[in-house]
Amino acid sequence: MADLFNNNFRKMKRRDFIQNSLASSAFVAMGGLSLQSFTASSAKKHITILHTNDVHSHIDPFGADHPRNPNQGGAARRASLIANIRKENPNTLLLDAGDIFQGTPYFNYYGGELEFKLMSMMQYDLATIGNHDFDNSIDGLYAQLPNANFEFVSANYDFKNTVLDTHVKPYKIFVKDGVKIGIFGLGVKLEGLVDKRMYKETVYNDPIETAQEMSRILKEEEKCDLVICLSHIGYHYKRNPERPSDLKLARATKDIDLIIGGHTHTFLPKPTIEKNSVGESVLVNQVGAYGIYVGRVDFYFDDAKNVIANGKSIIV
Amino acid sequence: MLISCIFYNLAHILVFMKKIVLLLTIFLAISCAEEKQSVSKIEGKRININDSLAVDQKIEDFIKPFRERIEEDMNKVLSFAPKDMHKNDGELETTIGNLMADLVKSQSELVYKQRTGKSIDICLLNHGGIRAPIPKGPIKTQTAFNVMPFENSIVVAELTSENIHNMIRYLAEAKRAHPISGLTIKLDANEKVTEALINGKPIEDGKTYTVATSDYLQNGGDRMNFLKNPETLEVLDYKIRNAMIDYFKSVDTIPARLDGRFIQQ
Chain A
1 MADLFNNNFR KMKRRDFIQN SLASSAFVAM GGLSLQSFTA SSAKKHITIL HTNDVHSHID
61 PFGADHPRNP NQGGAARRAS LIANIRKENP NTLLLDAGDI FQGTPYFNYY GGELEFKLMS
121 MMQYDLATIG NHDFDNSIDG LYAQLPNANF EFVSANYDFK NTVLDTHVKP YKIFVKDGVK
181 IGIFGLGVKL EGLVDKRMYK ETVYNDPIET AQEMSRILKE EEKCDLVICL SHIGYHYKRN
241 PERPSDLKLA RATKDIDLII GGHTHTFLPK PTIEKNSVGE SVLVNQVGAY GIYVGRVDFY
301 FDDAKNVIAN GKSIIV
Chain B
1 MLISCIFYNL AHILVFMKKI VLLLTIFLAI SCAEEKQSVS KIEGKRININ DSLAVDQKIE
61 DFIKPFRERI EEDMNKVLSF APKDMHKNDG ELETTIGNLM ADLVKSQSEL VYKQRTGKSI
121 DICLLNHGGI RAPIPKGPIK TQTAFNVMPF ENSIVVAELT SENIHNMIRY LAEAKRAHPI
181 SGLTIKLDAN EKVTEALING KPIEDGKTYT VATSDYLQNG GDRMNFLKNP ETLEVLDYKI
241 RNAMIDYFKS VDTIPARLDG RFIQQ
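Chain order of the listed sequences is A and B. When the letters of the first sequence are read in order and numbered with our numbering, they come out as residues 1 to 316. When the letters of the second sequence are read in order and numbered with our numbering, they come out as residues 1 to 265.
Everything labelled a hint here was simulated from the structure, so no lab data went into it. Ideal Cβ positions, reconstructed from N, Cα and C, are used throughout, including at glycine. If a hint is listed, it holds; no wrong ones were tucked in.
Computed spacing ranges between beta-carbons, pair by pair:
1) P138(B) / N91(A): 48 to 56 Å
2) N75(B) / D139(A): 28 to 36 Å
3) E173(B) / E191(A): 20 to 28 Å
4) N84(A) / K83(B): 45 to 53 Å
5) S120(A) / D259(B): 46 to 54 Å
6) P82(B) / R68(A): 25 to 33 Å
7) A143(A) / Q114(B): 28 to 36 Å
8) E151(A) / N229(B): 36 to 44 Å
9) S120(A) / K201(B): 57 to 65 Å
10) N84(A) / M74(B): 26 to 34 Å
11) E191(B) / E201(A): 39 to 47 Å
Pulled out of the complex, with its shape left as it was, chain B reads as follows:
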């Protein structure tokens, strides 16, 4: 009993001594680290990453399967564009803008109607959100990524007629080809609105209208403040790019036309 007690104590002393050694090591490490160092010289520059540098083969091999899966998908032909479409091929409307607003409206309507029983009156997007043209010829998945690289998602905001008027005023003053669908606007030479129709009918006071748009704009992007406090808001969880891909898959040839939906006379 006594002997085992001594051994026990000895073992403890050993552990204790080990601890001291450890602590001393920590202390020495700290005192080394805290020795007064001062910067005597600084050199700063940038190094260009270009083809003069060797390729790290391990990294390259690691990327390869990720890249191949994307490429296979990106190169799938989904539809066909009859001509080049870009966001400056018209004044207040453009072929690509019309296409985008029309397809977002029609694709969203499938989801929105099922969920709420209501249809979508208008689609409004922003001119700046179109990031690349659609070239004449086959439309691939890649095309949708080029035009819409952002993760923007579709929301449907129900607006009062007052806010619809604010929207039309905004569009008249902006004088940019913000894509619209379901809405036609005519301006005179002084940017005064001479006619504004929703699906061919005048805007009725006291009525609400449903507007499909992007979450970015609804949250105050491009200062479209009329979208900020809608009567109702439905978040579709449907990315604009996915709506494009779904639409492209459903048509052989996409329409590429100006139809006078937003004009200045």
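So here's chain A without its partners, still in its complex pose:
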């Protein structure tokens, strides 16, 4: 299982190597070419990350008489907010941290079709898989994939012996305004949470170890400027602090800039800033559930030497 996992990475690496070596030889063949023009274009860059989690099929807003969340949420309102932010900054990525399915009759009636179609209309860029996304079994999830114009990532679920094999990748890289953004996914332990008949031969690997490997690949091999973890392992378990969680993950890894969480329905008023294994800041965010909030994290870039000179600021 782990071997195939590694083989895939090796394959990916080989492809990149071939591409790079071809490109370099072309450069040599053309003789020296000035790259001066590029230094001028590397003025401040701005990437916006928008995210949701545990929307649980909440397509309509809560009613005005709802005891806890009156008039909150709603896909049509979320869509207009997202469109406005995209207009303001085209270099925006829209992500979901899982549990898209289950919670209203929309799921019971249409099996996730409407959820995926609406997310595609809102131009979601990427999502990870939550435990409830297996509620119509792994086959039910697979059957809905054609309705999603976005991809799914999960680095610690091994789908080799399932229908999802090759349909879910460990990570995906986006390039926005020349900024390379690597995003990997993490899923929660399924045993004891989801019926085995639902997730079938999906293998769960340790999320922390996987994240250490992923951040190394994305930072050192893929040379990403930004590394984001899309996690459905849960924010923090007070009664069981040893259980893998986003806070534990933040402390045990390095080179991750942002952890977008889900599963525990944690309504964080603002992102948490944690120190990673080498003492650098990492942001952990989660926006509760049911589409009541959209998380927004803005990254501003500068030349590395300017940042070293002027420092980095985090405003939450």
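Given the coordinates of chain A, work out where chain B should sit on it, guided by the hints.
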């Protein structure tokens, strides 16, 4: 021949040059992307989705037919509840719990008997699985979705008398109104079981009993470990919610009563 050969070569050279241009473009794109970028500032916050935001009409129009079909179905009146029924209207048994366990037992029996020739002795569900009350008045399809929003499905586990005793011990110690049917339990003031009958008869050693329950509990949910390794297991592929809807359709008025099936004296 020679000329065509030259043209052929020329064409090749052109293709080759195009490739170089393409490769150069790729290279430039890569070198731009790999220019050393560093994060200088991060801003993080959350944005509330509420009625101050405009509605995206395209999305709204897309949802409409999906919503209307569900609403039409959800508002169908299936039966009638003579009074409010909720999961805390009794001590160790509740009106809604009794209803649920009785209907799951009777609805499952139709399927199980046809398939195996056997009948169902007991139904056991979990108190936490009842997610909403049934209000007095018309029962709609929506009611079934409110009470049972999960996709839990019915399974029938055949248990040894030993595991039936484990079940009764579990129920006595849990002191929660887990819904039961076909089984009556009496506890004394110290939670000791003074009487446990299956369909009015004492439990016979060496005999097996069939228990209808949810796939969630059979798989170890709520630590009902006595369900984990049954003698036989029949997966009915029948959702609890569908059993509710089928049952509601078959009766004018649902029973709402406590009958002393699980009491502490």
